[in-house]
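So the chains spell out like this:
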Amino acid sequence: MKLITHNMLTSKSLKGVNVGFPLKICATEVKEVAVDFNPEFVTRMIPKLDWDALCQAAESLGCLNDLPRSVNPNHENDEEFLKKAHHVLLEVEVIEGELVCPETGRKFPVNEGIPNMLLNEDEV
Amino acid sequence: MTTLGVTSMTSLISQASSVGDSTVDLSDFVCQEIEYYLSHRLSPDIARAFSDSAAIIQDDDDFDNFFPPPEFAIPSQFQPEARVGPPQLSQILSAFKLWGQGATHEDLHTQLKQISLGYIEPFCHPDKSFKVEVETFGKKISRNDKVNRIEDLDFLPLRGPIKLKDPDNIFHLIEYYGLDPNSVPDNPYQVFFGQWICDGQRHLITQIALKDRKFIGNTSMDPKLSLIMANMAKICHGDLVLDPFVGSGSLLVAAATFGGYVCGTDLDFLMVHGKAKPTRCNQKKREPDENIRSNLRQYGLESHYLDVIVADAALPVWSDQCMFSAIIADPPYGIREATERIGTAKTYTIPDHLVSGHIPSKVSYNLQDIIRDLLNFSGAHLQVGGRLVYWLPVFKNDFQADLVPAHPSLQLISLSEQSLNSHSSRYLVTMERLPENSKGCKENQNGAHVPEATRVFRDKYFQKAVERRLQTSYPDSGHTHIDQLS
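Protein sequences appear in the order of chains C and X.
Letter by letter, the first sequence follows residues 1 to 124 in UniProt numbering.
Letter by letter, the second sequence follows residues 1 to 486 in UniProt numbering.
Fair warning: there could be bad hints in the mix.
[Stated by the list, open to error] No more than 30 Å apart at the CA atoms, straight line, and that leaves these computed lysine-lysine pairs for DSS-like:
#1 X/Lys275 <-> X/Lys285
#2 X/Lys275 <-> C/Lys2
#3 X/Lys163 <-> X/Lys128
#4 C/Lys2 <-> X/Lys277
#5 C/Lys15 <-> X/Lys362
#6 C/Lys107 <-> X/Lys277
#7 X/Lys285 <-> X/Lys214
#8 X/Lys214 <-> C/Lys2
#9 C/Lys31 <-> X/Lys275
[To be verified] Label pairs and their computed distance ranges (CB to CB):
#10 X/His237 <-> C/Glu80: 17 to 25 Å
#11 X/Asn148 <-> C/Glu40: 47 to 55 Å
#12 X/Ala465 <-> C/Lys24: 44 to 52 Å
#13 C/Pro47 <-> X/Phe462: 44 to 52 Å
#14 C/Thr28 <-> X/Ala465: 46 to 54 Å
#15 C/Lys31 <-> X/Lys284: 25 to 33 Å
#16 C/Lys24 <-> X/Ala406: 35 to 43 Å
#17 X/Lys460 <-> C/Lys31: 44 to 52 Å
Since the hints were made in silico from the structure, they are not lab data.
For every residue, glycine included, the Cβ atom is placed at its ideal position computed from N, Cα and C.
Can you make the complete structure from the sequences, with help from the hints?
Laid out in structure tokens, this is it:
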């Protein structure tokens, strides 16, 4: 699971959960994989992201490095910034671990890089 | 909106005939399509690839009697200077700016002689090299004949040098001899002359063929159809694309081919993990690296892979602010893939010590509910102007164009029928997200309306299958047996 996906995932399908965001990451295996840098895509994604949640997630995985805590208003032209965002969004992957609902503590496993967000039948 | 069905065919014929009779408007285009696929060959959408404001003229099987060419004219505001067409034209062989057309070469020549010089002057300039190619459809002609055809066009005021390799302008003379190989006429039915604009991306179809694809499933989408879907969804470089019924990810391959960044969800844990029962003949078990990601890797598109998630389409996991550029889906119809969601008819709580490793039970998820949830989800999670493209199975007798599922925030763009068998079809439905402030938007987020016919599709489909089996086994007795059955 990449952090861009984590930034869009919630546990709001659980009964009684309204927001369910951001999910806490408890990772046992994290991998970094190179992905072609596409400034256009990163620029388009940034306004759609919850930047604080991204920083938190990156920090919890120890890969925040020097990613700014807030988005530079002129980020479209700041290639260095876009490259850092690209790295955190697309190149850091949680391979094994758990995603934890911030409201209920329900855990969703991540195996082989794929989160399993399925609920059990008594939860729907 | 362009809704095309049998009903609109008459008006299309009259439109087309009027083009055939009158002098051709110079803003017309001709596209050569590869072959018949969907019933109306998706021509309106090809036209849209050129220009959103294009009015469409298209032909159909019945229509071949009136106006046979496989090409069709697209009056559009597309500018001839734009030589390179959109990359999505995978179902087009080539596109030409139409200069003239006629039932005979004489008609064509008369028309070409009437073209206003002002219009063609930029292409006739002495500095502009050119070449003319002769193409025939439905018949082969000799090289000499081709040369003669070109010589006959000598009257055209093309003053530039002839250059066979990499000329500034390429002109095509296209002769159409019909589709019946057993009765090829001496003279073509139609002759076209036009300036070549661009070639389609036909090679994409073979490039992502299922035959060589690493990971496929039972219902992997045909590459041509998945490219058409990606085309209809207007997927461009840098788009965020979701397939909520991802399966083996064939739609994601097409979406990524057009530059989309793709993610998908599916209820089927084994499928998403690439561990489902193999589909290929003689394959006992899946390779360890058989999965959606390896498919994208195979085509050099791994950088466009975001994630796949095991999730129930009935209970979306995406945050409210998460907006997709496009949503493409081939929802299960309950025919070859089960329609399921998490749930149970009983009330109980799973004891804590059994929760870990529990496989959730599933209940039937009716097609009507699937489509309603898909539309409501798309209404909430498509960015303005973003498109939802999905397949809607229908029982032919039940289907009318005004019974298409609707949503207040989504505008129907087009419907294309693909016939599955004598009683059922599926329609490729394209819808576009309306701007926030438009009427009915927002306050009606869950306002999807899906006709009742969708609910009963599966039952009718199988009832029909039973009927046919009985008719084959007891041809004389016919319906009496069915009455007994039901």
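Here's how the hints hold up against the structure:
{"no.": "1", "hint": "X/Lys275 <-> X/Lys285", "result": "holds (8 Å)"}
{"no.": "2", "hint": "X/Lys275 <-> C/Lys2", "result": "holds (21 Å)"}
{"no.": "3", "hint": "X/Lys163 <-> X/Lys128", "result": "holds (10 Å)"}
{"no.": "4", "hint": "C/Lys2 <-> X/Lys277", "result": "holds (27 Å)"}
{"no.": "5", "hint": "C/Lys15 <-> X/Lys362", "result": "holds (17 Å)"}
{"no.": "6", "hint": "C/Lys107 <-> X/Lys277", "result": "holds (28 Å)"}
{"no.": "7", "hint": "X/Lys285 <-> X/Lys214", "result": "holds (13 Å)"}
{"no.": "8", "hint": "X/Lys214 <-> C/Lys2", "result": "holds (23 Å)"}
{"no.": "9", "hint": "C/Lys31 <-> X/Lys275", "result": "holds (22 Å)"}
{"no.": "10", "hint": "X/His237 <-> C/Glu80: 17 to 25 Å", "result": "holds (22 Å)"}
{"no.": "11", "hint": "X/Asn148 <-> C/Glu40: 47 to 55 Å", "result": "holds (51 Å)"}
{"no.": "12", "hint": "X/Ala465 <-> C/Lys24: 44 to 52 Å", "result": "holds (50 Å)"}
{"no.": "13", "hint": "C/Pro47 <-> X/Phe462: 44 to 52 Å", "result": "holds (48 Å)"}
{"no.": "14", "hint": "C/Thr28 <-> X/Ala465: 46 to 54 Å", "result": "holds (50 Å)"}
{"no.": "15", "hint": "C/Lys31 <-> X/Lys284: 25 to 33 Å", "result": "holds (30 Å)"}
{"no.": "16", "hint": "C/Lys24 <-> X/Ala406: 35 to 43 Å", "result": "holds (40 Å)"}
{"no.": "17", "hint": "X/Lys460 <-> C/Lys31: 44 to 52 Å", "result": "holds (49 Å)"}
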